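4 protein chains.
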Amino acid sequence: MAGSGFGTIFRINTWGESHGKGIGVVIDGCPAGIPLSEEDIQSWLDRRRPGQNRYTTARAESDAVEILSGTFEGRTTGTPISLLVRNQDQRSRDYGNIAELYRPGHADYTFDRKYGFRDYRGGGRSSGRETIGRVAAGAVAGRLLAELGVSVRAYVSAIGPVSIDRAKMDFDFIEQSPVRMPDPAASAAAESYLSECMRELDSSGGVIECIASGVPAGLGEPVFEKLDANLAKALMSIGAVKAVEIGDGTAVSRSKGSENNDCCAVGENGVPYKASNHSGGILGGISDGSPILLRVSFKPTPSIAQPQQMLDRSGNCREAVIHGRHDPVIVPRAVVVVEAMTALTLADHLLLAAASRIDFLKKIYSSH
Amino acid sequence: MAGSGFGTIFRINTWGESHGKGIGVVIDGCPAGIPLSEEDIQSWLDRRRPGQNRYTTARAESDAVEILSGTFEGRTTGTPISLLVRNQDQRSRDYGNIAELYRPGHADYTFDRKYGFRDYRGGGRSSGRETIGRVAAGAVAGRLLAELGVSVRAYVSAIGPVSIDRAKMDFDFIEQSPVRMPDPAASAAAESYLSECMRELDSSGGVIECIASGVPAGLGEPVFEKLDANLAKALMSIGAVKAVEIGDGTAVSRSKGSENNDCCAVGENGVPYKASNHSGGILGGISDGSPILLRVSFKPTPSIAQPQQMLDRSGNCREAVIHGRHDPVIVPRAVVVVEAMTALTLADHLLLAAASRIDFLKKIYSSH
Amino acid sequence: MAGSGFGTIFRINTWGESHGKGIGVVIDGCPAGIPLSEEDIQSWLDRRRPGQNRYTTARAESDAVEILSGTFEGRTTGTPISLLVRNQDQRSRDYGNIAELYRPGHADYTFDRKYGFRDYRGGGRSSGRETIGRVAAGAVAGRLLAELGVSVRAYVSAIGPVSIDRAKMDFDFIEQSPVRMPDPAASAAAESYLSECMRELDSSGGVIECIASGVPAGLGEPVFEKLDANLAKALMSIGAVKAVEIGDGTAVSRSKGSENNDCCAVGENGVPYKASNHSGGILGGISDGSPILLRVSFKPTPSIAQPQQMLDRSGNCREAVIHGRHDPVIVPRAVVVVEAMTALTLADHLLLAAASRIDFLKKIYSSH
Amino acid sequence: MAGSGFGTIFRINTWGESHGKGIGVVIDGCPAGIPLSEEDIQSWLDRRRPGQNRYTTARAESDAVEILSGTFEGRTTGTPISLLVRNQDQRSRDYGNIAELYRPGHADYTFDRKYGFRDYRGGGRSSGRETIGRVAAGAVAGRLLAELGVSVRAYVSAIGPVSIDRAKMDFDFIEQSPVRMPDPAASAAAESYLSECMRELDSSGGVIECIASGVPAGLGEPVFEKLDANLAKALMSIGAVKAVEIGDGTAVSRSKGSENNDCCAVGENGVPYKASNHSGGILGGISDGSPILLRVSFKPTPSIAQPQQMLDRSGNCREAVIHGRHDPVIVPRAVVVVEAMTALTLADHLLLAAASRIDFLKKIYSSH
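Which chain is which? The protein sequence lines are A, B, C and D, in order. Heads up: the first sequence begins at 1174 in the numbering used here, then just goes up one per residue. Heads up: the second sequence begins at 1174 in the numbering used here, then just goes up one per residue. Heads up: the third sequence begins at 1174 in the numbering used here, then just goes up one per residue. Heads up: the fourth sequence begins at 1174 in the numbering used here, then just goes up one per residue.
Misleading hints may appear alongside valid ones.
Stated by the list, open to error - Derived list of chain B stretches under chain A, where covered just means 3 residues or more per stretch with a C-beta under 8 Å from a C-beta of chain A: (1) 1207-1221; (2) 1351-1363.
Unchecked claim - Simulated restraints on C-beta separations: (3) Ala1361(A) <-> Gly1387(B): 23 to 31 Å; (4) Asp1485(A) <-> Pro1351(B): 47 to 55 Å; (5) Lys1535(A) <-> Gly1322(D): 33 to 41 Å.
To be verified - A partial selection of chain D residues facing chain B, derived with a Cβ cut-off under 8 Å: (6) Pro1334; (7) Ile1384; (8) Lys1536.
Think of the hints as simulated: they come from the structure by calculation, not from any bench. For clarity, every value in this text was computed on a predicted model and none was experimentally measured. Backbone N, C-alpha and C fix where the C-beta goes; we use that ideal spot for every residue, glycine too.
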């Protein structure tokens, strides 16, 4: 089944494995007339590529993107946009001893059960490099959002037991932090924790939060194509994600109605405003015009150099060690992936909601 | 946009509002040959209808389902199955004073922004009765799962601050508990808590867990149509849901790789088994053959009789009270809804995975 | 596989068999704010029901439609619209002798091969009554089209060897003609031909043409979701259709470029106009603003009372006679079905095209 | 709207313009385990590329295809297959004088109305080179069909007034004929006719027929996703197509039931067989196991060097001449495109039908 497509009207199709010739994406349904250049996309890709700091693996890739179709004189044409990033560093030898093993926490076993063979080449379609297609497409969605005043920003809010202090958040610090936390103190504490993990040949999980601003009210198509339902699917589809929360998330279960309801209040100028945002900007599956708040929990990178009991292809359970390049943490590199999936979902819903009301359609067709 | 459809091959389309003539669903793509009767569906619906205990509203509905098409001599024909439940008790007068108000925590405001009008009749498509279509369809999916040895069971694991004791879980107690908790002590404590909420004219949130057993390995279509991504969308689409977790869920962020990886161990009989299930039965978005573990967090019912500040249609923020029938908690009635959405997702993926490998197709077409 | 759904944004799902409890459709994605009543739909249904003249079977059905959801105070709400028509006259006894036979030209054999059983009850989902759902939905699409100035009209252009004279077409005559031809002389000749067929216990094929007017330029989504490609699918899906043509249709194969190209000419007022319409209003799969011209060829009704060699369930080929109610021709009743499928396709594309250009989206969201 | 995707489970997404960097396709949902090499695909592409004979334009392209992902050790992996063909010869100067003109019969005007700009570079996405993606994907579908014993063959049955003699068809002659007709006499006559057209600076239309053999009974998903409906959409989506016919096609309208019904007869060996195939292998939208017969009518190539009245961007109608490379006929090069679209549709339906019956699913999951 065609599982590598995402979206309804603004639809992307990704392809490519970490050890194939390249990775790419085709974006279909992007409206015509949006300014788009390779630089717009490269800036997003640069925030995911390896080798940025000592906590990410030193694979030497420039990940330069090439636009093969879909633009003319610097603007989108409305035809499919094909983006390609060539693979360069594919050190096969790093993975030699795992050809016969199913690594714990990886998709080796499940892919074999599904497709009937074991592609041992470094994770194939389930590796982190698969996210290149998502991020490149997310950049294009980001340009569409920008045209309509919508923006998306994500950051790491926790690594292991270390959390940011919400009273001291500084968004300008995100790109300076090696772990992309908007809090210098927490960033330093997280770095210490990660150094400890690396010494122990272990890895850590983490949490990424994402805020979407400027989202018009009315996006989302009940009852199944709700905005939050689609965001949940988009974010859960990112590798290593095990939980998706909207607004207060899991905390709502311990809350009372009098605490959780977002009521209004009147400002000094007499204008009413939304006094809280426990709902995270979405009610009944539809955006209400306030910021959308998302939280995504990532498990620790499964590749650790400690000895582990693992299943082999003959069905035996034995101890082995996974050699190769191991990140102790995923989340700093996944921040741009979370932004991309959020941008892609919002782009699609901006286009879908255009057909909700007959007065919208009359507005378009009267002057056409 | 057509937002009331769910699924790809096994696809359902729900319709109906709480104050219209009825509620229903059309199930398209159910394979032929599955035994199906009204009783099969009624047993699921009975577990959601109101009036079961003092914690659910006393709306007098029998919610009898009628199969209008799609079966012949007691088995599915492969043609669309149309199910209908007529609305009987629609006390419009209960909602009179809210016609001009946007109730906090409800979708009143967002529906108005999206569609351009205010349907004040008790929540319309965003009310709890909308779940009738989901549950009826879930019962049909459940019959398909049964044919292939798959089962789904959900229960309430927490209400407010009261959680079950996992060491003392008794699944046989679920239907005896007025709050559907599989732990008599926790059930009693939760009832006390809810009585307190009712005295305060308030409501409580809760958590539902769901276990799917007998799921074959290999379900899920990477990278976007992963099984966990689709389960997240299905569950997040249920009204009042604010978080979806798989396996250890949010706890994975505080975990280390050495703790989180599910490794193998060898049993007394020398047969290897999966020694833990932190992943919740899904790796790389594909089922691995072990039980699938899901957790869904529900916010408190927004309708409470306490005075609240709310926006009215003229744009003013003023205090008002919502009269009418108010459940202090949603989760006991939502248990069967969680089972339904899980069953629907698994049914679709069982059908989708049939096309993954050329040897499967040869098996079908060689003898056809 | 869910095969009873049609459309992307404006999506319908039909259900029901000729010998089940009823027939219906759920329309999902219809924009809010469109006036809609049962009368709007009944007028379309009345043009298909049996018993209108001596050339259609005398099944006694009133086919009264009921709107079960999706409207409020006379306008669409944007939520799913469920329509139901109860079956009344189901004379099972008419079909008794065919339970063991596969009638030639019918779907009996193919349905059995596909689903594994023989539903002998008068054609089931492949009978003419299945079109009730299409036509009811087409009426709703027609109201949407009306809001945007688009209209659709079809008529019978040929029955057997009898064709209309295009120089003498009178659209006002269509509903007066028992065979829905816009030409009194041809209508009379066709009636004679049909009487002859009935005497011979035989049936006739025919052709329906359809003109869509007021269609804005720009509808259609290349390269696969072209407007003509979707119209072809919509029309070919009608039972008994064996050919779909756009504009000059099959005649283009014998034409030269100098003859077939639609060039411009200048009118007396100096305004250029399209001098011909060989293309039928669509170029490159996109509407050009001129009338869309469609032609649909129907095979003769397969049920004839003449003895025929037919296969039985044991695999033998033997002579038998099909008793029951036999129309000598389908096309007069299929005219409204062709209009319905055309309207449904255009409605969907009007909504899809709204997302083609960033300036359309800015127009919607700037004032929202 | 994403219009460049085709298929449900076996889904392709094409991209690229004639004057961009390249043309390609991503195939998603191809089952794992099918042998696939660049040679398999190149053989299909070679049958469409220009420069094969004097009736096709002399654009110098090798159209070498590159498989960028989706295979491992010579077999499909079940992950997306990305195919790329680089553009080489793009003589922009050939199209210089048309930047301000809307060429008659081309999509220039309609694309401008839809997307808001005029991409004059030789037809862009509506040019013949767009078919490269379709044909490459069709080759992959062809390999899947081969694994299940299904084959597809097309040929030119008419060019202008010249038709083949069905009593003398020789399929082995197809690739020897410069116009791909399976009849040497008709082929020679057609060549004369085309030489005459070229002298007149004109072009000709034609007809392509396609036969699919070995198709199992039971493919097609009523009532809207019927096999013939999807074939009609697939074929009508090919540029320049104006009619699609199944079996006897338009001739059925002049036929009687006693003539058109396909009845059985008993062979010498006592085994019943289908005595005719007026239905073209499809009844009730489902394949019946006999050969599927399709017929596709193509209009003449619109680009002719004769002077024509055409609209310019300022809205004036004036005479102009289109310089550049003009094929006098499309159909010889479109034969492989028709095969490709037919193969793609059948591949998708083979996968869809796998989920029709519960016994099929039990067969797959019992041994998994």
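- prompt: Which of the numbered hints are not met once you compare them with the structure shown?
  reply: 1, 2, 3, 5, 6, 7
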